[in-house]
Amino acid sequence: MARITAGIASSHIPALGVASDLDRTAEPYWAPAFAGYDWTKAWEVEQKPDVVILVYNDHASAFDMKIIPTFAIGCAESFMPADEGWGPRPVPVVMGHPDLAWHIAQSCILDEFDMTIINDMAVDHGLTVPLSMMFGKPDAWPCRVIPIAVNVVTYPPPTGNRCWALGEAIAKAVASFPEDLNVQIWGTGGMSHQLQGPRAGLINREWDNRFLDRLEGDTDELRHMPHIDYLREAGSEGIELVMWLIMRGALGRRTRALHRHYHVPASNTAVGHIVLQPE
Amino acid sequence: MSDLPRQPRDIHEYLAEFDDIPGTRVFTAQRARQGYHLNQFAMSLMKADNRERWKADERAYLDAWPMTEEQRQAVLDRDYNRLLDLGGNIYFMAKVFSTDGQSFLQAVSTMSGMSLDEYAAMMIAGGRSPVGARSIKDGN
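Residue numbers (this note's numbering), protein chains in the order written: chain C, 1 to 279; chain L, 1 to 140.
One should not assume that every hint holds.
Said to hold, decoys possible - Straight-line Cα separation of at most 20 Å, SDA-like style, residue types lysine to any residue; simulated pairs:
| id | chain 1 | residue 1 | chain 2 | residue 2 |
| --- | --- | --- | --- | --- |
| 1 | L | K55 | C | G87 |
| 2 | L | K55 | C | K41 |
| 3 | C | K66 | L | E58 |
| 4 | L | K137 | C | V91 |
| 5 | C | K41 | C | P92 |
| 6 | C | K172 | C | W39 |
| 7 | C | K137 | C | S78 |
| 8 | L | K137 | C | P198 |
| 9 | C | K66 | L | Q34 |
| 10 | L | K137 | C | D229 |
| 11 | L | K47 | C | D83 |
| 12 | C | K137 | C | V93 |
| 13 | C | K172 | C | A122 |
| 14 | L | K47 | C | A122 |
| 15 | L | K47 | C | A257 |
| 16 | L | K47 | C | P88 |
| 17 | C | K137 | C | A26 |
In short, the hints are calculated from the structure, not lab data.
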C-alpha cells in the first residue's frame, strides 16, 4: 500500500529559485538561506520518495482571473515550468503520477472535497522552488510530483480548518492506493511577508516561530486560526501559510520534527522550513 | 482539542476586519471585479510576443484593453500603490515589473515610501516590525 512517510514545509520565494538557477547560492546574502536546506537535501537522498504531493499556490501563471479554483489537483503526465514574465526557469520538467493523482481526486470527491481536476497546467515558482531547495540541480527530478494548487490570492481562501481536513482526506486516499509507494506531502509558501502597500516588508520572527512550534506534537490549535490573524501578524502574503496545514493534517494526530530552519531575509520574505514525521 | 473555530462565518463580519489593517489592501471580490481587465492585461505579458508589442508602444497596447483611463495612467506611471487601489493584484502586477526587468524587492520597495537602498537595508536588519502595524483601531 502507499503511505505518507513524511511532511515538509518550506517557503517558495522566487528569488531563491533565481539564486539557484544563476549559481549564486554561495554568495553571502544567499548562503544562510540555503544552508538550512543542506540537511534536508542529504536526508532526501536516503529517503528516495516515489511521489511528492506538493501543495502550493499559483501566482497568476496557470490560473488568471477567468477561473479561480479553491483546491485543484494536477492529474497530468507532466507539467512544464511556467514563463512568469522572464522566460521559464531552467529546471527539469515535472513528471506527474496520474494514477495516484486521479485516485486522490476521486477519493477526496467521495469524501466531500470537491476538487478541480487539472489535466494541462504549467507550474510556477511556487512548485519548482521547493523542488530546487530539497533536490538541488539534478538533470531530472528524483520523484514524481502531484501538484495541489490552492487559491490564496482572491479572498476568501479556504479556512485553516478546511485545509487541515483536506490533508486528512488526502492521507486516507493515499492509504487506500494499492501500489507500494513512499509518498511525502509538502506544504509551501510563507513565512511572514507583505509584498504591497506602505506596510510592505513586514516580518514577524516571533509569530513565525510560534507557528513552526505548533506544527510539532499533537496540538491542532492552528486549524482554528482565522485569516485575519495571518494578515495582521504575518503580512498580507503570509496567508500562504494556511497551505502548510494541508501537509500537517495529512500527518495524523502527532508529529515529530526532524529538522527546522528559519532565516530572514530572502528578498522580501522570511524563509521557514521544517521536516516532520508522523508518529 | 482546541476551542470552537474562531474564523468568522459571516461574510460581512469577515470582510469588515480587513479595512482595519494599516497600509494593506486585501484582494477581496470587490477589488477582483474592479481590477478584472487590469489584471488580465498584466497576465497577457506572460507571452513573449505580447511583451514585445507592449515594449514597442505601451499606450497603444493599453488602449486595446477595456480598462479605465485611471488604470491605464497608473500602469504607465508604474504607480503600484495606486494600481492596488484600482483593483490590481500584486501577482498580476508582477508581470508588468518583471517585463521591466525589476525584481520583487525593487518593485515592492516603491510602495513602501522608502528608497530601494533603505528598503533593502530594513529587510537585512530583520524586516518591518509588526509592532504598531497590526490594527488601526487598536493602534498595536
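Here is how each hint holds up against the structure:
Only pairs whose Cα atoms come within 20 Å are accepted, and K55(L) paired with G87(C) is accepted, the gap being roughly 16 Å. Simply put, K55(L) and K41(C) have alpha-carbon atoms about 41 Å apart, too far for the 20 Å limit, and the pair is violated. Note on K66(C) and E58(L): the hinted pairing is violated, with a Cα-Cα distance of about 24 Å set against a maximum of 20 Å. Distance hint between K137(L) and V91(C) is unfulfilled; the C-alpha atoms sit about 47 Å from each other, more than 20 Å.
A hinted pair counts as satisfied when its Cα atoms are at most 20 Å apart, and K41(C) with P92(C) qualifies at roughly 17 Å. At roughly 29 Å between alpha-carbon atoms, K172(C) and W39(C) are farther apart than 20 Å, so this suggested pair is violated. The hinted pair formed by K137(C) and S78(C) meets the criterion: a straight-line CA distance of about 18 Å does not exceed 20 Å. At most 20 Å may separate the alpha-carbon atoms for a hinted pair to count; K137(L) and P198(C) meet this at roughly 17 Å.
Among the hinted pairs, K66(C) with Q34(L) is consistent with the structure: their alpha-carbon atoms are about 14 Å apart, no more than 20 Å. The hinted pair formed by K137(L) and D229(C) meets the criterion: a straight-line CA distance of about 15 Å does not exceed 20 Å. For the proposed pair K47(L) and D83(C), the alpha carbon gap of about 8 Å is at most 20 Å, so the pair holds. Between K137(C) and V93(C) the CA atoms are separated by roughly 12 Å; this keeps the pair inside 20 Å, and the hint holds.
Pair hint K172(C) plus A122(C) does not hold up; C-alpha atoms about 27 Å apart against a cutoff of 20 Å. Proposed proximity of K47(L) and A122(C) is supported: the alpha carbons are some 13 Å apart, at most 20 Å. With a CA separation close to 42 Å, the supplied pair K47(L) and A257(C) exceeds the 20 Å bound. Between K47(L) and P88(C), the direct Cα distance comes to roughly 11 Å. Compliance with the 20 Å bound is thereby established for this hinted pair.
With a CA separation close to 14 Å, the supplied pair K137(C) and A26(C) stays within the 20 Å bound.
Consistency with the previously given hints fails for numbers 2, 3, 4, 6, 13, 15, ordered from lowest to highest.
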